[in-house]
Amino acid sequence: MLKKSLLELPAVLLTILFTYASISKLLQYNTFRSQLDQSPFTTGYSGIIAWSIPATELITTALLIFPATRLKGFYLSYGLMLLFTVYIYAILHYSYFIPCSCGGILSRMNWEQHLVFNITFTLLALTGIFTFPFKSKV
Amino acid sequence: MTTRIFIVLLTTIVVLGFIFTIVRTSRQPYEKKHGFNRTFRSGNHLQLIKKITMEYPLYLAGYNNSNIYFHSDDPHIIAYTDTAFSTIATISLSIDSAVGHQLANAFSTHVRYPEAFIFAYNMAAIFVYNLQSGRHTVIHTPSNYSNAVQISDSTFILKYFTGNSTDQSFCKLNVYTKQLTKTELLTEDLSSSGILLYNDRNASCYFIHHYNNRIAVFDTAFHAISSNHTIDTFTQSQIQYLSMIKTGSSDILYKPNGTRMLINYLSQLHGGRLYINSLIKADNETLLTDQSETVIDIYSTNTDNYLESFYIPVPHNQHLKSFRIFDSKILATYTNHLALYKFPGLSK
Numbered sequence: 000m001l002k003k004s005l006l007e008l009p010a011v012l013l014t015i016l017f018t019y020a021s022i023s024k025l026l027q028y029n030t031f032r033s034q035l036d037q038s039p040f041t042t043g044y045s046g047i048i049a050w051s052i053p054a055t056e057l058i059t060t061a062l063l064i065f066p067a068t069r070l071k072g073f074y075l076s077y078g079l080m081l082l083f084t085v086y087i088y089a090i091l092h093y094s095y096f097i098p099c100s101c102g103g104i105l106s107r108m109n110w111e112q113h114l115v116f117n118i119t120f121t122l123l124a125l126t127g128i129f130t131f132p133f134k135s136k137v
Numbered sequence: 000m001t002t003r004i005f006i007v008l009l010t011t012i013v014v015l016g017f018i019f020t021i022v023r024t025s026r027q028p029y030e031k032k033h034g035f036n037r038t039f040r041s042g043n044h045l046q047l048i049k050k051i052t053m054e055y056p057l058y059l060a061g062y063n064n065s066n067i068y069f070h071s072d073d074p075h076i077i078a079y080t081d082t083a084f085s086t087i088a089t090i091s092l093s094i095d096s097a098v099g100h101q102l103a104n105a106f107s108t109h110v111r112y113p114e115a116f117i118f119a120y121n122m123a124a125i126f127v128y129n130l131q132s133g134r135h136t137v138i139h140t141p142s143n144y145s146n147a148v149q150i151s152d153s154t155f156i157l158k159y160f161t162g163n164s165t166d167q168s169f170c171k172l173n174v175y176t177k178q179l180t181k182t183e184l185l186t187e188d189l190s191s192s193g194i195l196l197y198n199d200r201n202a203s204c205y206f207i208h209h210y211n212n213r214i215a216v217f218d219t220a221f222h223a224i225s226s227n228h229t230i231d232t233f234t235q236s237q238i239q240y241l242s243m244i245k246t247g248s249s250d251i252l253y254k255p256n257g258t259r260m261l262i263n264y265l266s267q268l269h270g271g272r273l274y275i276n277s278l279i280k281a282d283n284e285t286l287l288t289d290q291s292e293t294v295i296d297i298y299s300t301n302t303d304n305y306l307e308s309f310y311i312p313v314p315h316n317q318h319l320k321s322f323r324i325f326d327s328k329i330l331a332t333y334t335n336h337l338a339l340y341k342f343p344g345l346s347k
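Chains A and B supply the protein sequences, listed in that same order. Under numbering that gives the first Met the number 0, the first residue of the first sequence carries the number 0, and numbering increases by one thereafter. Under numbering that gives the first Met the number 0, the first residue of the second sequence carries the number 0, and numbering increases by one thereafter.
Isolated chain B (complex conformation):
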């Protein structure tokens, strides 16, 4: 018995040591100097207004004048609260269990009340639920896709998998007329993932790359407006698409092109400004190792210039899941709670 206990303990120590090593190693590329500095607003920390504990993580899904909507990791559940952040209520969507199972891990929900759009990335579909009537419809997309953004009541722009050597491209889909407009433009470097946003102030789309510092700005006819970049120095895409013909696999595959680092994580457009949660430490920063805060870089959408940065708190053992700025406040969602902070705006 003693021998068995000894071997089990030894195995446990070896396994824990191995995982500890690879976790520590994975952080090292983020900690070194990257050749850029940030400007921080004075006044330092955001002031917490209210916090609501949740049993599961929520992600911002949309808002209007009276409510803020969230989705969870369960596609059946939509949560909402009023703008005073009084209490959280939920709406249960009647999604077939087989569909719900297929949706798991690869969906997000966008709410433009009274409609909720479930982007079923791996099912080549958008599920449209009317939250008032309970009716729902299925809109088929040209193929599986990785991003979607609503540009009008009826129209979405998708970043979809082409199935050929270009890998991914953008298309415009009217969910009511089913009119589909594909484009051969803007296909450069779309294999790496990112966030697609829509700026209704100037009717333009922003694609913020996750693994390099590029921001592609284009209009709804897919004409490039500008190609900008965030202030970090990661200009190269660090992921490479492997053609299906080459791999012989039915799956869409990628390989890292150098050390693969997530650079720009969450993004949001608000009031003529682009807010980007960057994971890269600037040379004039000293923290991030313990991840007690995460940085948001602010850019002007008019001049495309970097303006300044501020920190959002990230409590111990929590991840920032999403954030939204509205009415001089920031709503942040974490692993198991939501927090509302005062946002004093820019320092200049």
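Extracted from the complex, chain A is given alone in its bound form:
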């Protein structure tokens, strides 16, 4: 029982994360798009990213919920979390300036805390991929 719960923990945590992340981005669409506009790397693509990221997060959530599609959900989770992680690393190391949050768009975490958070969830997605039960051969 305990083992089963532990095996399902990555899927549960990732589902909560992507549900929250996608809904908050859609509810605050203008703010999210404005944040993308302010980024030195995404300013030219903010229109498409502002929709595609929450849409992909919602698809990931749906895939994670059902056991039959959960492995695909883990792959997508890994891709998204790695994308967010490498993006923050690039902002911190390759951008000449770090976008300011002055004027009201204030995140709860700073960039370094976001990086650690994202690395943790990237590893969680990897854990999900490699601990997901293999199909038993008949």
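Quick caveat, the hints were computed from the structure, so don't treat them as lab data. Note that the coordinates shown come from a computational prediction; the quantities given were computed from them, not determined experimentally. Any given hint could turn out to be false.
To be verified - With a straight-line Cα cutoff of 20 Å, these simulated SDA-like cross-link-like pairs (lysine to any residue) come out:
(1) 280(B) x 39(A)
(2) 50(B) x 78(B)
(3) 31(B) x 39(A)
(4) 71(A) x 11(B)
(5) 320(B) x 92(A)
(6) 177(B) x 150(B)
(7) 71(A) x 5(B)
(8) 50(B) x 315(B)
(9) 280(B) x 93(A)
(10) 320(B) x 134(A)
(11) 71(A) x 2(B)
(12) 134(A) x 1(B)
(13) 134(A) x 4(B)
(14) 177(B) x 78(B)
(15) 328(B) x 39(B)
As the list claims (entries may be wrong) - Anything over 12 Å on all C-beta distances counts as not near chain B; from chain A, calculated:
(16) 4
(17) 6
(18) 11
(19) 15
(20) 18
(21) 21
(22) 22
(23) 57
(24) 58
(25) 67
(26) 81
(27) 93
(28) 115
(29) 116
Positions of the beta carbon are idealized from the N, C-alpha and C atoms, including for glycine.
Could you slot chain B onto chain A? The hints should help.
Just chain B, lined up with the frame of chain A:
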């Protein structure tokens, strides 16, 4: 298992490739010719006098005859060193943890000893800490703000969010009497960010725009003295304010008006000269791609003319966080160290 490893590796390569592409693309507008040249002083590189390694980045916060003060990304910490740059000591401010959390990402600290002023941009407040007595007070500002500069022991000029269609404007606040003077002047093109400086030689303020080449100079009664520009060719503001009425959002939003490029980054006034760290490559420059140096353009505050430029080193994997010129030296703060250089002055 092999399939899973293959898919993970493929995903990793695709993600890294995507990020690599957008990072490379973001640099391209900076690398092309922009139609201006710089004059460089002879003698080339700055000579390093001393370097101190830090665990975290520091930003210059103020100085007096005996000490130089810094703040960090943690609002609780103020660091200082003597002008000989002997060692770094720290002072811990007793800031409530909830306030400290709210300050994160949107504050800067200014020290005029014995007082430290924490500009809480998103909290519509200035926290004043007396570094000798430990006492502190909270000064409320008219609203959230994006710049502040001290013009006397008691008075600050702020660039604040008006909450109406003008978006941002300047005001003058006496932190002791609480007297507030707002202005309807000088509101043109204030939606884009910049650096606000005070020149005590002629009691004037300088607002150096980040995303275009304008420099607005005005007196402490908000009368425009001059409107100058840096030597690059970026005359247009490349950011547009979106009215809250139009977006229906409670946040203050902007959208880029064309390719958004940071042009003038860090600035400083010293000895009748304005020093501006520009990120735009001149046509007679060939570097900047690897960012091993960054250029500082020097302007005369008397004639408003461009004088010449020099480079400050930017070591690999480091960012220039702040710089200050004093006593023929330049103190530069980076991602994880401070460096003191000899500054020989202008070539002519």
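Against the structure, the hints:
1. Note on residue 280(B) and residue 39(A): the hinted pairing holds, with a Cα-Cα distance of about 17 Å set against a maximum of 20 Å.
2. Annotation: proposed proximity of residue 50(B) to residue 78(B) holds, straight-line Cα distance about 16 Å (limit 20 Å).
3. Taking the CA atoms of residue 31(B) and residue 39(A), the gap is about 17 Å. The hint holds against a cut of 20 Å.
4. Using a Cα cut-off of 20 Å, the hinted pair residue 71(A) and residue 11(B) holds, with the two alpha carbons roughly 15 Å apart.
5. Straight-line distance between C-alpha atoms of residue 320(B) and residue 92(A) comes to about 13 Å, which keeps the hinted pair within the 20 Å bound.
6. Simply put, residue 177(B) and residue 150(B) have alpha-carbon atoms about 15 Å apart, close enough for the 20 Å limit, and the pair holds.
7. Of the pairs offered as hints, the one joining residue 71(A) and residue 5(B) holds, with about 14 Å between alpha carbons and a cut-off of 20 Å not exceeded.
8. For the given pair, residue 50(B) sits about 15 Å from residue 315(B) by alpha-carbon distance, which is consistent with the 20 Å threshold.
9. For the proposed pair residue 280(B) and residue 93(A), the alpha carbon gap of about 17 Å is at most 20 Å, so the pair holds.
10. For the suggested pair residue 320(B) and residue 134(A), the alpha carbons sit about 54 Å apart, so the restraint of at most 20 Å is broken.
11. Restraint check for residue 71(A) and residue 2(B): the C-alpha separation of about 12 Å stays at or below 20 Å, so the hint holds.
12. With a CA separation close to 14 Å, the supplied pair residue 134(A) and residue 1(B) stays within the 20 Å bound.
13. The straight-line distance between the Cα atoms of residue 134(A) and residue 4(B) is roughly 16 Å, inside the 20 Å bound, and the hint therefore holds.
14. Only pairs whose Cα atoms come within 20 Å are accepted, and residue 177(B) paired with residue 78(B) is rejected, the gap being roughly 29 Å.
15. The straight-line distance between the Cα atoms of residue 328(B) and residue 39(B) is roughly 18 Å, inside the 20 Å bound, and the hint therefore holds.
16. No Cβ of chain B comes within 12 Å of the Cβ of residue 4(A); the nearest lies about 22 Å off, and the non-interface call holds.
17. The beta carbon of residue 6(A) is kept farther than 12 Å from every beta carbon of chain B, the shortest such distance being approximately 15 Å.
18. Listed as outside the interface, residue 11(A) is consistent with that label: its C-beta sits roughly 20 Å from the nearest C-beta of chain B, beyond the 12 Å cut-off.
19. Every beta carbon of chain B lies more than 12 Å from that of residue 15(A), the smallest distance being close to 22 Å; the non-interface claim holds.
20. With a least beta-carbon separation of about 22 Å from chain B, residue 18(A) lies farther than 12 Å from that chain, consistent with its non-interface assignment.
21. Against chain B, the non-interface label of residue 21(A) holds: every CB pair exceeds 12 Å, the least being about 18 Å.
22. The claim that residue 22(A) lies off the interface holds: its Cβ sits roughly 16 Å from the closest Cβ of chain B, which is beyond the 12 Å cut-off.
23. No beta-carbon of chain B is positioned within 12 Å of the beta-carbon of residue 57(A); the least distance is around 19 Å.
24. In this structure residue 58(A) is separated from chain B by more than 12 Å, as the shortest Cβ-Cβ distance comes to about 15 Å.
25. The claim that residue 67(A) is not at the interface with chain B holds, since no C-beta of that chain comes within 12 Å of its own (minimum 17 Å).
26. Not every CB of chain B is more than 12 Å from the CB of residue 81(A) (nearest about 5 Å), against its label as outside the interface.
27. Residue 93(A), annotated as away from the interface, has a beta carbon of chain B within 12 Å; the closest lies near 5 Å.
28. Residue placement check: residue 115(A) keeps its beta carbon more than 12 Å from all beta carbons of chain B (closest about 14 Å).
29. A cut-off of 12 Å between C-beta atoms confirms that residue 116(A) is not in contact with chain B; the least separation is 14 Å.
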